[in-house]
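A.B. asks: The primary structure of each chain is shown beneath.
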Amino acid sequence: GEDVEQSLFLSVREGDSSVINCTYTDSSSTYLYWYKQEPGAGLQLLTYIFSNMDMKQDQRLTVLLNKKDKHLSLRIADTQTGDSAIYFCAEAGGVSGGGADGLTFGKGTHLIIQP
Amino acid sequence: DAGVTQSPTHLIKTRGQQVTLRCSPKSGHDTVSWYQQALGQGPQFIFQYYEEEERQRGNFPDRFSGHQFPNYSSELNVNALLLGDSALYLCASSVGLSVIEAFFGQGTRLTVV
Numbered sequence: 001g002e003d004v005e006q007s008l009f010l011s012v013r014e015g016d017s018s019v020i021n022c023t024y025t026d027s028s029s030t031y032l033y034w035y036k037q038e039p040g041a042g043l044q045l046l047t048y049i050f051s052n053m054d055m056k057q058d059q060r061l062t063v064l065l066n067k068k069d070k071h072l073s074l075r076i077a078d079t080q081t082g083d084s085a086i087y088f089c090a091e092a093g094g095v096s097g098g099g100a101d102g103l104t105f106g107k108g109t110h111l112i113i114q115p
Numbered sequence: 001d002a003g004v005t006q007s008p009t010h011l012i013k014t015r016g017q018q019v020t021l022r023c024s025p026k027s028g029h030d031t032v033s034w035y036q037q038a039l040g041q042g043p044q045f046i047f048q049y050y051e052e053e054e055r056q057r058g059n060f061p062d063r064f065s066g067h068q069f070p071n072y073s074s075e076l077n078v079n080a081l082l083l084g085d086s087a088l089y090l091c092a093s094s095v096g097l098s099v100i101e102a103f104f105g106q107g108t109r110l111t112v113v
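Protein sequences appear in the order of chains W and E.
Per this note's numbering, the first sequence starts with residue 1, numbered consecutively.
Per this note's numbering, the second sequence starts with residue 1, numbered consecutively.
Treat the hints with care, since some could be wrong.
Stated by the list, open to error - Result set (SDA-like, lysine to any residue): computed pairs, CA atoms no more than 20 Å apart in a straight line:
id, chain 1, residue 1, chain 2, residue 2
1, W, Lys36, E, Ala87
2, W, Lys36, W, Leu8
3, W, Lys67, W, Thr30
4, W, Lys36, E, Gly3
5, W, Lys36, E, Gln106
6, W, Lys56, W, Thr30
7, W, Lys36, E, Asn59
8, W, Lys68, W, Thr23
9, W, Lys107, E, Ala2
10, W, Lys67, E, Gly28
11, W, Lys36, E, Ile100
12, W, Lys107, E, Gln106
13, W, Lys56, W, Leu45
14, W, Lys107, E, Asn59
15, W, Lys107, E, Gly40
16, W, Lys36, E, Gln44
17, W, Lys36, E, Asp85
18, W, Lys36, E, Gly40
19, W, Lys56, E, Glu101
20, W, Lys56, E, Gly40
21, W, Lys36, E, Arg63
22, W, Lys107, W, Gly15
23, W, Lys107, E, Gly28
24, W, Lys56, W, Thr23
25, W, Lys36, E, Gly84
26, W, Lys107, E, Phe103
27, W, Lys107, E, Gly3
28, W, Lys36, E, Phe103
29, W, Lys107, E, Thr5
30, W, Lys56, W, Ser17
31, W, Lys107, E, Ala38
32, W, Lys107, E, Gln44
33, W, Lys36, W, Asp83
34, W, Lys70, E, Phe64
35, W, Lys107, W, Ala85
36, W, Lys107, E, Gln41
37, W, Lys36, E, Glu101
38, W, Lys36, W, Asp69
Honestly, the hints are just simulated from the structure, not real lab data.
Nothing here was measured: the structure is a model prediction, and the numbers come from that model.
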């Protein structure tokens, strides 16, 4: 079945850029997503990218998609303490972005901010 | 504008019991999806409801069932609870079967003892 892989932890200094990486296996993925989860909270949609794009920028967030290598990354510029959270990569296929099994998530990357 | 609301926030049940979780979608949304997030894991898709019917289903047993009401709110029912059903249950709402901009609720933390 489809799989989404992420490294479990990333530690960065406050003010530096954070780059969170993700690989996926489903070549039919239409949309790829980044969600943020703070402790004890639900998921917050940060951004998403359509598979025919290779880059999307939204304020401090930059998403890069390498469809050939099935690699997605999220860059957070000027990382702040409020960015400390778990970041989930997710993929979906189909024209509705829903795929056959909803969204498929990775296990999440814990972003740790050092002062 | 209220976002996605889920109730209750926390729940403790005994093995073998049955539980019902509730979700009200974001205003203007008509599709509800349910996910199970075990500790330290990413969310896993359970099923999706649209027009009061189950439209898609993930790899979950029949003990997991649901319902969608005419006002688009939804319930998730789990029968014969197992210890392994302990998890955060997340509801997501979206428009018209698409999950392109799915908004998640805060979740219901279910503990089975």
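A.B. asks: So which of those numbered hints doesn't the model satisfy?
C.D. replies: 7, 9, 10, 17, 20, 21, 22, 23, 25, 27, 29, 34 and 38
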